[in-house]
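Visitor: Assemble the whole structure, with the sequences as input and the hints as a guide.
Residue numbers (the working numbering), protein chains in the order written: chain G, 27 to 323; chain R, 6 to 243; chain D, 21 to 380.
Any given hint could be a false lead.
As the list claims (entries may be wrong) - Below, simulated SDA-like cross-link-like pairs (lysine to any residue); rule was C-alpha separation at most 20 Å, straight line: (1) R/56 with R/68; (2) D/228 with D/218; (3) D/228 with R/135; (4) D/228 with D/304; (5) D/228 with D/302; (6) R/109 with D/302; (7) D/228 with R/116; (8) R/10 with R/88; (9) R/109 with D/229; (10) D/228 with R/114; (11) D/228 with R/93; (12) R/109 with D/227.
Worth flagging that the hints you see were computed from the coordinates, not collected in a lab.
On a predicted model such as this, the values are computed, not experimentally measured, just so you know.
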Amino acid sequence: MPSWSNFQPFIPIGLAAGGVYALSGVGMVVLYRATGVLNLAFGAIGAMGALIAWTMINTWHVPAGIAYVACILFGGVATLLYGMVFGRLLAARDPLVKAAATLGLALLMLGVMNRLWPAQVTRSITLPTDNTAFTFGDASVDWTQVIAVGFGVVMTVGTAIFLRVTKIGTAMRALADDREITATLGVPVRRVEAAAWFGSGLLAGAAGLLLADLVTLASDGLTFIVIFTLSAALIARLRSLTVTFVAAMVIGLVDNLITPINSITNFRDMTPFVLAIAALLFFSRERQYSFARGGIR
Amino acid sequence: MIEIKDLTVRFGGVTPLAEMTLTFESGTCGLIGPNGAGKTTFFNVLSGFVKPHAGSVRAFGEDLLSMPHFRRARWGLRRTFQTEQAIEELSIYENVAMVHEHSKRGRAARREEVLAAIEFVGLDGDPATRVGTLGARDRRLVEVARAVVGEPRLVLLDEPAAGLPDEETEHLSSVIRAIPGHTGALVILVDHDMSLVSACCGVTAVLDFGIVIASGPTAEVLRDANVMRAYLGTEELV
Amino acid sequence: MADSNVATRSRSSLRAAARLSRRDAINLLVVAGGVLFVLLALPSLLTPYWVVTSTSAVTFMIVALGLGLLVGRVGMISLGQGAVLALGAWVGARLLFATALPYPIVLVMTGLITMVLGTMIGLPALRVSGLYLALVTLMLAGAITVVLVDTNFPNGGSGFLGYADQSTGTPPSIRRPSIAESDPAFFRYVVIVALLMFLLALWHIRGKPGRAWAAIRQSEPAALAAGVNVTVYKMWAFALASFVTGIAGALLGSASHVLYAYTFPTSQSIVLFAVVLMGGVYTLFGAVIAGVLLQVIPGAFTVWGIPSEWATILFGVGVLQVLTTAPAGIAHQLPSDLARLGRFLFGVARRRIPAGGRAP
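Guide: Given below as structure tokens:
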């Protein structure tokens, strides 16, 4: 069993990862509540945004700041476009169908990314905040990690306040509750949904950028990191933002703290899966009967 | 005969059934009540989809609630649903045969008994027709055919006339009246169509807020002052 | 009496339906013709590359069959069939290395073992449905994939895992049936196995399980009320899907002679689901189309020099198209499109013939 000092370096890494998962988790949950779409292409969108930023910096020599903004904006715009076309087309369908469609989007984007940015080249993004902020025992913590955690907290709290205080936020909560009634109340449903799509997309872009710096800038890896976010969101039953945040931090920490434990480190990649399965099964203990039809409808 | 004693169901803060106590002897029996009275909840308890907080149900001498839900069909429980649930992608024959093959009856008599049930409800098209292509009236009849096949003991009909025009209700009424004689089963009919209930049911019970507020010969119950108050205030029902 | 007339009519029309209708007979002839052509003529018409690709295509038809059954018949979305395939490949390879049993016996054993494993894994998933079932199966698949990356695939080594760390030399190859060593012969073998799997599925669909599954797909409470033990029948569907997928896995091992963990990435479960949707989940023919899409398209792209990412893009677009406009997939669209084409051509032909009687 490794010692405390072995674990230390992984704590800030874990917290930073957790912060990013919380960031995208919040986006995922808000989007699901407002539109019924569980966006499994979240990671792919962030990945593509990060790759675009990389090209802007390394190939077109655009100032880094503009590239980062472009990445985040790309996330928002791409998600919005999808929402306006396919979100609209599938609006009346089952959540399963909506989620399956985002899988299609993910595949599509994976293909495009691998085509435009061949996997053989190693790429990386180094944010200007990668210099050390302070040391914590044996571990050094850099500003990017601080930002990641900070962003996670700020977004969770900020979004919660936004949903409660602003008109659009309240409308989103109403949509989550009952779409049809909300529409009859005169709420501009399409505009509210567009806001949800765009906002969650921005978060996807930001998360993609941070993960590209903290973890990797590889299309496959970034796309499938969505599983971590998904686990956190599922543990929160796609409802509570606070639980999403806490779950995301725990997942990030546990996943990284396993690294120095040699006996199980090979199975580290199972963390999000195991946690998600546990959450899903724990929350479906009560057998619920519905007359909803099975399969693809 | 079915005996329900102190049946209670609680969901969160609501109590759909509150110590419901009722006995039906035989034949076709009506169960009416305003919306939200607990009628469908009662059926769901009998079907096994809802676990009661307290109370007991004894039917034909057996404790129904102790049986797992899918076993109750084998015992002889049959049910139709408010939104009709005949399987669209199967044929009429297959729909009815499915219930038969999960009942106590064996393979030998299957073809005869399935066709007899289809005939009994008055479906005279090709039994190999896919149910998805049928109209509302025929789909209802398929559901009823499923309810009378395979030695049923307790048949629950949940608003079988819902959505049907008056002419079709006539035919349905005659079929429902004939079920106890044809199968020996006890039928409980829930519906809002009072003329259907009067035509089919010898006795009727009235449920309101989860308790039985009246029960007895149908004509008397429908004129009962309490029942009228529960439904609409003071106007006459029939 | 009116009653006996109705009864006689019902019985005779049922007998008529039981006799093969003309359309059924034509279908049967077409299928039989197609299978004979594929078995006898096809291998000699194809280049070695395409023989290997076609073998993969037919193998994946079996996988698509299992998944299509779950999705189309029972209404259960499983995003984990890729992992079941990997499990089957693992078990098959292990048995083929560790024993000298005849190939068909190994296939059946692989199927049964994978069936047990698949059902055990699917057990917790039975309590959930819809979106959550899809997600649970995806998570389970991911977990299994991680384990397989760690244990690797058997390569003739000793011990339970049968994996020996080899850094030099060619790894021992997974054997094929003694009567079907060559690629064309193995292709024919796989076609026959696939045919048997399809017949197995058909037997289920036309019988009691098929009816119970149709009821479950439409409405679980109604199925329960009809006496169907929903849990058992769901397990049965999982078991059948795992059985055929396990056999397909074993065939994959023999086809490529050696297996690597990266042959079964998690994304494959998703691509599988996508392609099965595109092929069509409501008919067996859809599984045939899915197998073709899955292997022939990437194969063709490689031959024509089109980068393989285009296949992934195509599948992504395909999923979006199927879900938005044609939920029954190509298998449904194709016959109706062909029928429309046929009617159009027939109409053109009729107008060309000089009017001998009625106007068109």
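Visitor: Take the hints in turn and mark each one as holding or not.
Guide: Here is what the structure says about each hint:
1. For a cut-off of 20 Å, the pair hint linking residue 56 of chain R to residue 68 of chain R stands: about 14 Å separates their Cα positions.
2. A C-alpha spacing of about 17 Å is found between residue 228 of chain D and residue 218 of chain D, which places the hinted pair at or below 20 Å, so the restraint holds.
3. Using a Cα cut-off of 20 Å, the hinted pair residue 228 of chain D and residue 135 of chain R holds, with the two alpha carbons roughly 17 Å apart.
4. As the CA atoms of residue 228 of chain D and residue 304 of chain D are separated by approximately 18 Å, the hinted pair is consistent with the 20 Å bound.
5. With a C-alpha separation of about 18 Å, the suggested pairing of residue 228 of chain D with residue 302 of chain D holds against the 20 Å cut-off.
6. The hinted pair formed by residue 109 of chain R and residue 302 of chain D fails the criterion: a straight-line CA distance of about 31 Å is larger than 20 Å.
7. For the suggested pair residue 228 of chain D and residue 116 of chain R, the alpha carbons sit about 14 Å apart, so the restraint of at most 20 Å is met.
8. Proximity of residue 10 of chain R to residue 88 of chain R is assessed by CA-CA distance (about 29 Å); at most 20 Å being required, the pair is judged violated.
9. At roughly 17 Å between alpha-carbon atoms, residue 109 of chain R and residue 229 of chain D fall within 20 Å of each other, so this suggested pair holds.
10. Taken as a hint, the residue 228 of chain D and residue 114 of chain R pair is honoured in the structure, with Cα atoms around 16 Å apart against an allowance of 20 Å.
11. For the proposed pair residue 228 of chain D and residue 93 of chain R, the alpha carbon gap of about 16 Å is at most 20 Å, so the pair holds.
12. Annotation: proposed proximity of residue 109 of chain R to residue 227 of chain D holds, straight-line Cα distance about 18 Å (limit 20 Å).
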